[in-house]
Amino acid sequence: MDFNLRTVNVTRYITPLREGGSLPALAEADDDFKYVLKFRGAGHGVKALIAEFLGGEIARYLGLPVPELVFATLDEAFGRTEADEEIQDLLKFSQGLNLGLHYLSGAITYDAATNDCDEVLASKIVWLDAFITNVDRTFKNTNLLIWKKELWLIDHGAAFYFHHSWDNWKTTAITPFTLIKDHVLLPKATKLEEAHNEFTSKLTENSIKELVNKIPEDWLLWEDKSLSPEEIKEVYFQFLSIRLANAEIFLKQAQDARTTLI
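Taking this note's numbering, the leading residue of the sequence shown gets 1, the next gets one more, and so forth.
The hints are simulated quantities; they were obtained by calculation from the structure and are not laboratory data.
All C-beta atoms, glycine included, are put in the ideal place defined by N, C-alpha and C.
Be aware that a few hints might be false.
BS3-like mimics (lysine-lysine), calculated; alpha carbons at most 30 Å apart, straight line [claimed, not checked]:
hint	residue 1	residue 2
1	Lys92	Lys148
2	Lys34	Lys252
3	Lys148	Lys252
4	Lys191	Lys148
5	Lys148	Lys34
6	Lys252	Lys202
7	Lys188	Lys252
8	Lys191	Lys181
9	Lys233	Lys170
10	Lys233	Lys148
11	Lys233	Lys149
12	Lys181	Lys202
Quick list of the computed label-pair ranges, beta carbon to beta carbon [said to hold, decoys possible]:
hint	residue 1	residue 2	range
13	Thr259	Glu205	38 to 44 Å
14	Pro176	Asp32	44 to 50 Å
15	Asn9	Leu227	29 to 35 Å
16	Asn213	Asn9	22 to 28 Å
17	Asn9	Ile242	35 to 41 Å
18	Asp218	Ile174	28 to 34 Å
19	Asp32	Asn206	31 to 37 Å
20	Glu230	Thr259	39 to 45 Å
21	Asp256	Lys202	34 to 40 Å
22	Ala113	Leu227	25 to 31 Å
23	Glu76	Thr138	33 to 39 Å
24	Asp31	Ala77	16 to 22 Å
25	Pro176	Glu231	26 to 32 Å
26	Thr138	Glu193	20 to 26 Å
With the hints as extra help, turn the sequences into a complete structure.
Here it is as structure tokens:
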């Protein structure tokens with residue numbers, strides 16, 4: 001699996017996308033494609049970008065439909081002409097390496113009341129979100145799009161929530177993910193055991209190590225921690241490896257939550 005993302009230079013800020021508190025934006029890059037840009041200068045900073053990168057690339061590795069991720073560079077002069085002071089500040093503090101998701105033009109938000117989802121795909125997405133501890137993908141905020149009649153996964157920036165406190169990552173790694181009870185696709189996830197068997201055989205420590213090693217060092221220079229970039233990478237690697245080795249724990253949690261639901 002190739003975890004090497006393309007790098008693009010952002011050439012035009014088009015419009016803010018004011019969902020949530022992170023102020024993502026629609027932007028154009030020097031490859032003439034449009035991207036939903038996630039900024040390092042937003043609320044949760046580079047940790048949200050790391051979660052987006054790891055969550056999105058794990059999903060892609062497992063064969064789930066995710067828009068292409070790219071590293072997106074903002075020049076220091078970018079945004080100086082922006083009239084909105086809040087956006088201008090965001091762009092100023094986001095100079096350097098950010099993250100972009102290929103923009104799915106014409107996509108609509110998934111609505112559980114009107115859109116269907118295959119039971120196998122639903123089960124795979126539920127398993128993924130339990131694995132990466134993704135607190136988003138609820139009925140209120142599905143983070144799913146319908147594009148060209150297919151379901152696409154977006155926005156994994158709220159995953160790996162342990163890294164905001166950091167101290168209890170070993171405990172979190174073996175903790176059932178109780179918030180899975182709120183997952184928008186849980187009612188349709190009748191094939192959790194099958195998804196579990198497929199994904200635990202496909203994911204390996206080697207693939208996890210390869211992915212974690214691709215986290216840009218620029219995103220690992222944390223002022224609030226004394227850890228080196230290599231030490232931070234090792235924690236992400238250990239978290240994912242331990243969680244994978246104990247996947248039965250969050251699988252059972254999801255199965256029990258679904259039983260209660262139905």
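For each hint, the structure was consulted:
Between Lys92 and Lys148 the alpha-carbon distance is near 36 Å, which puts this suggested pair outside the 30 Å criterion. For the hint linking Lys34 to Lys252, the alpha-carbon distance of about 40 Å lies beyond 30 Å, and the restraint is violated. About 34 Å separates the Cα atoms of Lys148 and Lys252, which puts this hinted pair outside 30 Å; it is violated. Using a Cα cut-off of 30 Å, the hinted pair Lys191 and Lys148 holds, with the two alpha carbons roughly 25 Å apart.
Using a Cα cut-off of 30 Å, the hinted pair Lys148 and Lys34 holds, with the two alpha carbons roughly 17 Å apart. At roughly 19 Å between alpha-carbon atoms, Lys252 and Lys202 fall within 30 Å of each other, so this suggested pair holds. Taking the CA atoms of Lys188 and Lys252, the gap is near 16 Å; set against the 30 Å cutoff, the hint holds. For the proposed pair Lys191 and Lys181, the alpha carbon gap of about 16 Å is at most 30 Å, so the pair holds.
This hinted pair checks out: Lys233 and Lys170 have alpha carbons roughly 14 Å apart, not beyond 30 Å. The suggested pairing of Lys233 with Lys148 is violated, with an alpha-carbon distance near 37 Å, which exceeds 30 Å. For the proposed pair Lys233 and Lys149, the alpha carbon gap of about 37 Å is over 30 Å, so the pair is violated. The straight-line distance between the Cα atoms of Lys181 and Lys202 is roughly 25 Å, inside the 30 Å bound, and the hint therefore holds.
Distance hint check for Thr259 and Glu205: the Cβ-Cβ separation is about 32 Å, which falls outside the suggested range of 38 to 44 Å. Range check, Pro176 to Asp32: Cβ separation about 45 Å, and the 44 to 50 Å hint holds. Roughly 30 Å separates the CB atoms of Asn9 and Leu227, a value that falls within the hinted 29 to 35 Å. For the pair Asn213 and Asn9, the supplied restraint of 22 to 28 Å holds, since their beta-carbon distance comes to about 24 Å.
Taken as a hint, the range 35 to 41 Å holds for the pair Asn9 and Ile242, whose Cβ atoms sit roughly 38 Å apart. Our hint of 28 to 34 Å for Asp218 and Ile174 holds, since their Cβ atoms are close to 31 Å apart. In this structure the hint that Asp32 and Asn206 lie 31 to 37 Å apart at CB holds, the actual value being about 36 Å. Between Glu230 and Thr259 the beta carbon distance is about 43 Å. The supplied range of 39 to 45 Å therefore holds.
A hinted range of 34 to 40 Å for the beta carbons of Asp256 and Lys202 is inconsistent with their spacing of about 24 Å. Judged by the Cβ atoms, the range 25 to 31 Å given for Ala113 and Leu227 is violated: they are separated by roughly 45 Å. A hinted range of 33 to 39 Å for the beta carbons of Glu76 and Thr138 is consistent with their spacing of about 38 Å. Range check, Asp31 to Ala77: about 20 Å between beta-carbon atoms, so the 16 to 22 Å window is met.
A beta carbon spacing of about 27 Å between Pro176 and Glu231 agrees with the range 26 to 32 Å that was offered as a hint. For the pair Thr138 and Glu193, the beta carbons lie near 23 Å from each other, so the given range of 20 to 26 Å is met.
This entry does not satisfy hints 1, 2, 3, 10, 11, 13, 21 and 22, going by the numbered hints stated previously.
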